[in-house]
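Student: Sequence:
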Amino acid sequence: MINNYKHILQYASETYPERIALIFKDEHISYAQLNKYANQAANWFKENIIVKGDRVAFLDFNNSNYVHLVNGCLISGIIPVSINWRSTANEINYILRDAGCKLFLYGENFKKLILESADGINIELNSIDSISNSIFRKQKINYPKIADVNQDDLALLIYTSGTTGRPKGVKMNYNNIYEIYLSLRNETPLFGPASVNLIAAPWYAIVGLGYFIFGVYTGCTNVLLEYFDPIETCAFIEKYKITNAFLAPVMMQVICSLDEVKEYDLSSLQNIQYGGSPINAEQLTLCYNTFNCFFTQGYGLTETCGIATALRFDDHQRILLNTDSEQKNLLRSAGKPYSGVELKIIDENKATVSANDIGEVCIKGKVIAQGYWNSTGENEKIFQEDGWLLTGDLGYQDEQGFLFLVDRKNDLIIAKGINIYPAEIELVLNQHPQIKECAVIGIPDEIYGENICAVIVANNSTLQLQELRAWAKDKLADFKLPVRVEIVNELPRNATGKILRKELRKRYA
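Yeah, the sequence shown ends on 509 if you go by our numbering, and it's all consecutive.
Treat the hints as calculated values from the structure; they're not laboratory data.
Among the hints, erroneous ones may be present.
As the list claims (entries may be wrong) - Quick list of the computed label-pair ranges, beta carbon to beta carbon:
| hint | residue 1 | residue 2 | range |
| --- | --- | --- | --- |
| 1 | N122 | S354 | 53 to 61 Å |
| 2 | I231 | A89 | 45 to 53 Å |
| 3 | E14 | N349 | 50 to 58 Å |
| 4 | A509 | K381 | 22 to 30 Å |
| 5 | T15 | E424 | 32 to 40 Å |
| 6 | S277 | Q464 | 24 to 32 Å |
| 7 | Q151 | T462 | 41 to 49 Å |
| 8 | L286 | E14 | 43 to 51 Å |
| 9 | A89 | Q151 | 33 to 41 Å |
| 10 | Q151 | N122 | 49 to 57 Å |
| 11 | N349 | N109 | 48 to 56 Å |
| 12 | D119 | T462 | 39 to 47 Å |
| 13 | N109 | I231 | 17 to 25 Å |
Said to hold, decoys possible - Within a straight-line C-alpha distance of at most 25 Å, the following computed SDA-like cross-link-like pairs (lysine to any residue) qualify:
| hint | residue 1 | residue 2 |
| --- | --- | --- |
| 14 | K381 | G100 |
| 15 | K473 | R332 |
| 16 | K25 | T160 |
| 17 | K416 | Y396 |
Fair warning: this is a prediction, and the values are worked out from it, not measured in the lab.
All C-beta atoms in this analysis are idealised placements derived from N, C-alpha and C, irrespective of residue type, glycine included.
My request is simple: use the sequences and hints to build the entire structure.
Tutor: Below you can see the structure in the form of structure tokens.
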């Protein structure tokens, strides 16, 4: 079985060379060209003494040259470090130093930010567009003799969003990459070589890069968005007859809120995979009626290569078409483990809890990453010797084995000695007719230790605390009612749509 990424590209270029691998804007790139450009990039790295094990930083919007250069890294054993283009210069500087990057490749739009972020670091800087013009215009190619890449070698270094502190570099090897493909292949309905795969997520996140790798292993066509735009997404679905897409819940909700969505033919869609943040049953039903296709929800962390559990397409069909409210409640579930993944819920003493009891979610399997880069004790806390990963997520499994996520362990609010889960309060507040969405955080309280602040995106900016408390008093226990309300235009999110509570705590706590 061919499972090495380098060999997959070579196999694809020889077996179906004319099949379109990548569409970006007006470019249609075949599998033969995709392999050629990867080898040209590998040759350039070799000429510039970037070798196996070196780290190369990337910062840019999604684009085809970015893809080719990362592919060049992956077939050479060079480790790409893709950085969030929303990061500050200080955050980028930290990642460059922590990863020990030898080269920084960036988009021209970010030149000023890159120069500031690389200040004081001995690192070579190059524009992606500039070097791509010289690398990929060559008609002939001498395939370089590059280092052998083994499945146990490190392939990717992906920095977490830093929701709990400094970003941590998650180490993934080539086996992890292959496991992404196997897991998605087994759980994506109707997916195959004839599929057309939409990549709307950024490449600095595992959901963007991982979904592309999934497509390449499958041999399908991948359509790449520069960045998410709801109208362009609809236009691309119609133009390229997209069959499969990964969309964060916030992306789906934005699309479904647009009147213009009715102008586009979305009938080619067969399956949407979503995940990264919650979506309620009412909103998901609207999405189901808008897109009229299968849905698969995925739960995972960067530390699990984005793979852990799935609420499968047939579960969605059964639940969405059922009028029973208890069945509808299953839409809140993150589903059951992927094939080859083990799941358990533990208490503070690391003992497995009973069904419906809340504890920390733990994951085990080949999808578990290889630990953190330059860890200072974090590996031992999170990656256990027996193979289990402590996710930091609180949740429970029901009697059928469905996983329900309650909150992040670090987001837990303790007021009056009572554990309060923000997600429970948000579920209620989001039903208020004047609230579009909200996030609940803990704020310091001299008497009770912590108390509750609701940060709200409202239809009516005059929504008052007492009005909200009066509305919610029959729906929430007294100690769960907010003592403070902040009205904002939008909530800060990471690439997968997850609310950045740390940013909210900085502002309001």
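Student: Against each hint, give a clear statement of whether it holds in the structure.
Tutor: Here is how each hint holds up against the structure:
Against the hinted window of 53 to 61 Å, the Cβ-Cβ separation of N122 and S354 comes to about 55 Å, which satisfies the hint. Taken as a hint, the range 45 to 53 Å is violated for the pair I231 and A89, whose Cβ atoms sit roughly 32 Å apart. Taken as a hint, the range 50 to 58 Å holds for the pair E14 and N349, whose Cβ atoms sit roughly 55 Å apart. Distance hint for A509 and K381: a CB-CB separation of about 24 Å, consistent with the stated range 22 to 30 Å.
For T15 paired with E424, a C-beta distance near 52 Å fails the hint of 32 to 40 Å. A beta carbon spacing of about 27 Å between S277 and Q464 agrees with the range 24 to 32 Å that was offered as a hint. Taking 41 to 49 Å as the suggested C-beta distance range, the pair Q151 and T462 does not conform, at roughly 59 Å. Between L286 and E14 the C-beta distance comes to about 45 Å, which sits within the given range of 43 to 51 Å.
Taking the beta carbon of each, A89 and Q151 are about 36 Å apart, inside 33 to 41 Å as hinted. Hint check: Q151 to N122, Cβ distance near 32 Å, so the stated range 49 to 57 Å is violated. About 51 Å separates the C-beta atoms of N349 and N109, a value consistent with the hinted range of 48 to 56 Å. Under the hint 39 to 47 Å, the C-beta atoms of D119 and T462, about 45 Å apart, fit the expected range.
The hinted range of 17 to 25 Å is satisfied by N109 and I231, whose Cβ atoms lie roughly 21 Å apart. Of the supplied pair hints, the one linking K381 and G100 holds, its CA atoms being roughly 24 Å apart against a limit of 25 Å. Of the supplied pair hints, the one linking K473 and R332 holds, its CA atoms being roughly 23 Å apart against a limit of 25 Å. Under the criterion of a C-alpha separation no larger than 25 Å, the hint pairing K25 with T160 is inconsistent with the structure, at around 29 Å.
In summary, the hint linking K416 to Y396 is supported, as the alpha carbons are separated by about 24 Å, within the 25 Å threshold.
Violated hints for the displayed structure, listed by number in ascending order: 2, 5, 7, 10, 16.
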